[in-house]
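Trainee: These protein sequence lines map, in sequence, to chains D and L. Each residue of the first sequence is one higher than the one before, starting from 133 at the first, in our numbering. Each residue of the second sequence is one higher than the one before, starting from 77 at the first, in our numbering.
None of these hints come from the bench; they were simulated from the model. Just so you know, these numbers come straight off a predicted model, no measurement behind them. Backbone N, C-alpha and C fix where the C-beta goes; we use that ideal spot for every residue, glycine too. Treat the hints loosely; a few may be bogus.
Stretch by stretch, here's where chain L covers chain D in the computed footprint (C-beta under 8 Å, at least three residues) [unchecked claim]:
{"id": "1", "stretch": "174-182"}
{"id": "2", "stretch": "213-219"}
For each label pair, taking beta carbons as the anchor points, the in silico distance ranges come out as [as the list claims (entries may be wrong)]:
{"id": "3", "chain 1": "L", "residue 1": "89", "chain 2": "D", "residue 2": "198", "range": "32 to 38 Å"}
{"id": "4", "chain 1": "L", "residue 1": "146", "chain 2": "D", "residue 2": "136", "range": "35 to 41 Å"}
{"id": "5", "chain 1": "D", "residue 1": "162", "chain 2": "L", "residue 2": "174", "range": "21 to 27 Å"}
Here's the letter readout for the chains.
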Amino acid sequence: VQLVESGGGLVQPGGSLRLSCAASGFTFSDYEMNWLRQAPGKGLEWLSYIGFGSGTIYYADSVKGRFTISRDNAQNSLYLHMKSLRPEDTAVYYCAREATNSSGYYVFDSWGQGTLVTVSS
Amino acid sequence: QSVLTQPPSVSAAPGQKVTISCSGSGSSIEDNYISWYQQVPGTAPKLLIYDNNKRPSGIPDRFSASKSGTSATLDISGLQTGDEAEYYCGTWGISLRTGGVFGGGTKLTVL
Numbered sequence: 133v134q135l136v137e138s139g140g141g142l143v144q145p146g147g148s149l150r151l152s153c154a155a156s157g158f159t160f161s162d163y164e165m166n167w168l169r170q171a172p173g174k175g176l177e178w179l180s181y182i183g184f185g186s187g188t189i190y191y192a193d194s195v196k197g198r199f200t201i202s203r204d205n206a207q208n209s210l211y212l213h214m215k216s217l218r219p220e221d222t223a224v225y226y227c228a229r230e231a232t233n234s235s236g237y238y239v240f241d242s243w244g245q246g247t248l249v250t251v252s253s
Numbered sequence: 077q078s079v080l081t082q083p084p085s086v087s088a089a090p091g092q093k094v095t096i097s098c099s100g101s102g103s104s105i106e107d108n109y110i111s112w113y114q115q116v117p118g119t120a121p122k123l124l125i126y127d128n129n130k131r132p133s134g135i136p137d138r139f140s141a142s143k144s145g146t147s148a149t150l151d152i153s154g155l156q157t158g159d160e161a162e163y164y165c166g167t168w169g170i171s172l173r174t175g176g177v178f179g180g181g182t183k184l185t186v187l
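Chain D on its own, in the form it takes in the complex (with noise of 0.2 Å):
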């Protein structure tokens, strides 16, 4: 099971990035699928989850409306389109897959290395 994160960077606040982890090693498509983020020294914050099939999607309240989770189950990839960006959005974002085997939610059993998004003026 292999999940990497790409397309972090430095970013003006009131920009746009977008995020793509690749996930290979196990059924893309069987998986559902979250983001989460981690600022500098702090602790861990669950950003976004899209189901099987992107049927259905949550958001945090700290990024609705300004944060887009999408998935391409044909090219193995999971996406998180960030706009109006904020510099309390710097963070190390990670992509983190939910485990089947678990009798509860929002377990993550595997995770991206994470990417950095640092936003700056």
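Please build the complex by placing chain L on the supplied structure of chain D, with the hints as guidance.
Mentor: Just chain L now, with coordinates in the frame of chain D:
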């Protein structure tokens, strides 16, 4: 602000046992399953425990966890220097729409 509360730090000597607590407000822990994650500095989090007390394949049985009422605990026995990391408890919010929620993290120092 986390709905799950963890102590900021714990410490113990190699070979000893340490317990990390996670307490919840309202029904966040009482009604939900708890997961635990380990994050070694500079790396991504790793799932240690799910469904309150189950270990994924490859996680040694030195790591164990339990839940009672509105509190959960992670026990690490036979401490090793490689266990030095940040530990997070996690669950979900009052509905699936509110997504995943985490404790603020506990820094484990192996003296």
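Trainee: What are the numbers of the hints the structure violates, in ascending order?
Mentor: 2, 3
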